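Colleague: Now for the letters of each chain:
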Amino acid sequence: MQLTNRSKIVVNKQMSFIEKLYLPAIVGGLMITMRHFFRKKTTISYPEVQREYTPVYRGHHVLKRDEEGRENCTACGLCALACPAEAITMTAAERLPGEEKLYREEKYASIYEINMLRCIFCGLCEEACPKEAIFLTDKIVNADYKRDSFIYGKEKLVEPVDASKRVDISGRLKAHRKS
Amino acid sequence: METADLIFKAIFVVAVFSVSLVIAMYSTYAERKVAAFFQDRLGPNRAGPFGLLQPLADGVKMFMKEEIIPAQADKNLFILGPALAMFTACMTGVVIPWGDSLIINGKEFIMQITDVNIGILYVFGVVSIGVYGIMIGGWASNNKFSLLGALRASSQMISYELAMGMSIIALVMMSGTLSIREIVQLQPGAHWNVFVQPLGFLLFIICAFAETNRTPFDLPECETELVGGYHTEYSSMKLGFYLFAEYINMFISSAIIACLYFGGYNFPFINSLGLSHNMVSILGTVVLFGKIFFFIFFFMWIRWTIPRFRYDQLMRVGWKVLLPLAVLNIVLTAVYLLWKHDLWSTSLN
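Residue numbers (the working numbering), protein chains in the order written: chain A, 3 to 181; chain B, 681 to 1029.
Worth flagging that the hints you see were computed from the coordinates, not collected in a lab.
These figures come from a predicted structure and were not determined experimentally.
Ranges of calculated distance between the beta carbons of each label pair, as one might list FRET restraints:
hint, chain 1, residue 1, chain 2, residue 2, range
1, B, 949, A, 34, 33 to 39 Å
2, A, 42, B, 729, 17 to 23 Å
3, B, 737, A, 23, 40 to 46 Å
4, A, 19, B, 966, 38 to 44 Å
5, B, 698, A, 119, 49 to 55 Å
6, B, 1022, A, 24, 36 to 42 Å
7, A, 36, B, 970, 16 to 22 Å
8, A, 54, B, 729, 25 to 31 Å
9, A, 45, B, 970, 28 to 34 Å
10, B, 687, A, 45, 46 to 52 Å
11, B, 978, A, 11, 37 to 43 Å
One side only, chain A facing chain B, incomplete, derived with CB under 7 Å:
hint, residue
12, 31
13, 32
14, 39
15, 45
Derived pair list, reagent style DSBU-like, types lysine-lysine, alpha-carbon separation capped at 35 Å:
hint, chain 1, residue 1, chain 2, residue 2
16, A, 43, B, 741
17, A, 42, B, 741
18, B, 1000, A, 15
19, B, 1020, A, 22
20, B, 745, A, 43
21, A, 176, A, 141
C-beta atoms are modelled at their ideal positions from N, C-alpha and C, and glycine is treated no differently.
Whole structure, please, built from the sequences with the hints as guidance.
Modeller: Below, the structure written as structure tokens:
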């Protein structure tokens, strides 16, 4: 019974004299390698030349601030809940009087940690966030020697207040708002 | 021998020795670069401009590596192996005519260390000793893989040496001499032996691949089956010596192929340039090195194109294909020579 139409009949054909010489085949092979010799090389010499990333690249996370420099995050925990790798942990705290310039709402994350070794950079945290507080950027998580140093706290995640040093997430934001 | 002769020879010996070492060194670089280009990569490009200092870095690495001699190995033989491989590799360059001759102060110096009248036999003899380096190294390591690699190497070398010797006999019959210098002188301009001995050249170059343990005949060190072959147990500069010897052998083989079949330092229109004798000689040497570099490149080109033979195929090709073809070539050459010199009538009567 024929199950598929992909089956092939085996032919045990004897090689002809020319084929048995192997020399034409060898010359053919040499020509193929020679063609590759002059072909444009695909290598990108990394530190000097860097490949352009897609605008929706998912790398190192950033915790955004609003226009007035206040942290967007309210420590609701939805990102931690959405995270399939369980890489995010946080501790919530109440905003004290006089801290209105630091945090946008009454509640904020006093500790916010992402374990970069657990993170699979899927972007579900970003999707889950109701406050547009967490985004993935085109920055690469650096290599390190110790596992502990891959647990990134707020000092590495929150973007600087200084307007000129803000992290550009326009690419991700576009995709985020579309969905 | 006069003092001037002695001084010239001494300088020439040192020059040939250092040139073959430098070329072997840069062959490793060339090999990696060529391999990379064949595979659409860039190759080493970090050490110095275009990675040109890479061989030096490799050499420093080899020297700094820990030297390990296995406890069960025969220490003396273990050291003798790479030494012998290197020694024989360096010895073959002696009889190769690197150029015509230089006239200094009205005295003629030939650009060859020594013009032995059995030059080809000398090369064959020394190359055959080279197999001892591999065999002793493999045996002394006291390791199965090394021993298997050594066994393969020795049987392969013996098998192919035969076909190689036979393929050269036809050439010797045509030239009537065993001196490499005279063979080169018999190929003026573009009257290269490759045009009259194409089959012999093909057999010779195949055997040259086998003799230098290069792909498709690199079974002695085939990584997929034997870890590292005969040099599995070797480390540091002893391993370096083995690898180095292979590249020197490749260089010398290329030189011999260029001399025997491609006219050595001869090139077309050699006499119509109107240059002085010394200039022509130097130009000839440059041309010879051009030919040598082409063949080194050809060795690498083949290496990155053709897969390795299976062992039984290797033996079959050696004994059942190359050897009969070499004998056929001898017979054909003999018939041609008889016809050419019109010896039919005299010899038949």
